[in-house]
Amino acid sequence: MRISVEINGREYEGEVEPRTLLSDFIRHTAGLTGTKVGCEQGVCGACTVQLDGEAVRSCLMLAVQARGRALRTVEGLAGEGGMHPLQRAFHEAHALQCGFCTPGFLMSMEAFLREHPHASDEDLREALAGNLCRCTGYLGIVEAVEQAARELRGD
Amino acid sequence: MKPPPFEYEAPSSVEEALPLLGLDSTVLAGGQSLVPLLNLRLAQPELIVDINGIAELDYIRAEDGTLRIGAMTRQVTLERSELVKERWPLLSKAIGLVGHAQIRSRGTVGGSVAHADPAAELPVALTALGARFHLRSPGGTRPVDAADFFLGPLYTVREPDELLVEVEVPEPIDGAGSGFAEHARTHGDFATAGAAAIMAPGVHAAVVLLGAGPMPVRAEAAERALTGGAEPREAAALSAQDVEDEHRRALCTELARRAIEEAMA
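Chains as they are written, first to last, in this note's numbering: chain A, 80 to 234; chain B, 35 to 299.
Do not rely on the hints blindly, as some may be mistaken.
Computed footprint of chain B on chain A, listed as stretches where at least three residues anywhere in the stretch have a Cβ under 8 Å from a Cβ of chain B [unchecked claim]:
id	segment
1	93-103
2	119-125
3	171-177
Far from chain B, some chain A residues (derived; all Cβ distances over 10 Å) [what the hints assert, rightly or not]:
id	residue
4	Met80
5	Thr112
6	Gly155
7	Gly158
8	Gly160
9	Gln166
10	His197
11	Glu205
12	Ala206
13	Ala208
14	Arg213
15	Glu222
16	Glu225
17	Arg229
From the derived model, a few chain A residues whose C-beta atoms are all more than 10 Å from chain B [unchecked claim]:
id	residue
18	Ala149
19	Glu154
20	Arg167
21	Thr215
If you're looking for bench data, these hints aren't it; they were derived computationally from the structure.
Remember, predicted model here, so these are calculated numbers, not experimental data.
Cβ atoms here follow ideal geometry from the backbone N, Cα and C, with glycine treated the same way.
The whole structure should be built from the sequences, with the hints applied where relevant.
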């Protein structure tokens, strides 16, 4: 099947089988390898992207299901002014070591902070539970998201 | 780990979907349980019938006091519904415990019911609420009470040619409170045990357990005791008395107590 999917404002076309996962379309067909593939069973969160603004697991969607929808991946996060506040905060707060989980965290947290700009510490930690990190122990990540939340609110 | 090959159809109406259903086909709703099973090749259907394009199955509305939820309603839509928060708070409490936000953005209410995972929160809450599920086939629609719907793990009374189209939740009982408590090893993980309770002191009591069996288990002895004025701790001890595993029994008893107390608060 030939499909066309909008990713980060650009149309990507490709030939897929019905069984092709969206995560594989993003990485192999569109060539956007920022999105990582970890467990392929919806547990680790490394493949998280945004579908029409909502954070979703791209390994739990078929590529054909994204026809006519707008996707955003980590490549679409930085703007003309450089890195997104979340990306900068992750850098500054040492919220990554190997970096494999980072794109998933960023796409999850960007959607979360948009919906919950005044999230409590508890809400934030609960929201982070959908992504696994095996390097940092999470403290740097919590700190980074708090820092980005303050910056995005304009505190 | 990639899905096995399958044929794929994406009907845009229930009428178009029904003839495609059968023994060799599997319905794809939100995909948050099915796609992992496909990726692990534990599910190998000949045909996937993707119902994500059926807009007529995406709604939450109250009619004459009854809540009607279309089967393709995303879990996040239920979570954000002010109507549900206000009138059926047990559903709001339960939905917040389903997976993570990234799962609820795709997962559907109907999918959670039809998949019938024994660790799923929604079937437990819906059983406590006395919900009915509407199954459509080429022959017509039949309603099934939640209490009769679940037969075992991933096993329900739904026939292969039937599509779950609507979840119907009756009008809330006047003055009733509700509670939901669960235990999972980590937040968002599958729950080991849990309990849902609805209490209108002296009038009505519903206690349904998660993890006490292969499907939601109605704790009838506890319900009778509560209607007769028993204390939460006493009723909770009755609720899980038939659970054989000691650890599970302890968990269910404690979670039932918390759910009942929350419902009475």
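How the hints compare with the structure:
1. 93-103: With 5 residues in contact (Cβ-Cβ under 8 Å with chain B), the coverage given for the segment 93-103 of chain A holds.
2. 119-125: holds (count 4)
3. 171-177: Violated: only 0 residues of the segment 171-177 of chain A have a Cβ under 8 Å from chain B.
4. Met80: violated, 8 Å
5. Thr112: holds, 18 Å
6. Gly155: holds, 17 Å
7. Gly158: Answer for Gly158/A: holds, closest chain B Cβ roughly 23 Å.
8. Gly160: holds, 27 Å
9. Gln166: Given a closest Cβ separation of 19 Å, the condition holds.
10. His197: The claim stands: His197/A keeps its Cβ more than 10 Å from every Cβ of chain B (closest is about 16 Å).
11. Glu205: violated, 6 Å
12. Ala206: Non-interface label fails for Ala206/A: nearest chain B Cβ at 6 Å, not farther than 10 Å.
13. Ala208: violated, 4 Å
14. Arg213: holds, 14 Å
15. Glu222: holds, 19 Å
16. Glu225: Holds, because the least Cβ-Cβ distance between Glu225/A and chain B comes to about 18 Å, which exceeds 10 Å.
17. Arg229: The claim stands: Arg229/A keeps its Cβ more than 10 Å from every Cβ of chain B (closest is about 21 Å).
18. Ala149: holds, 14 Å
19. Glu154: holds, 19 Å
20. Arg167: holds, 23 Å
21. Thr215: With a cut-off of 10 Å, Thr215/A remains clear of chain B, as the shortest Cβ separation is near 16 Å.
In terms of the numbered hints stated before, the structure departs from hints 3, 4, 11, 12 and 13, listed from lowest to highest.
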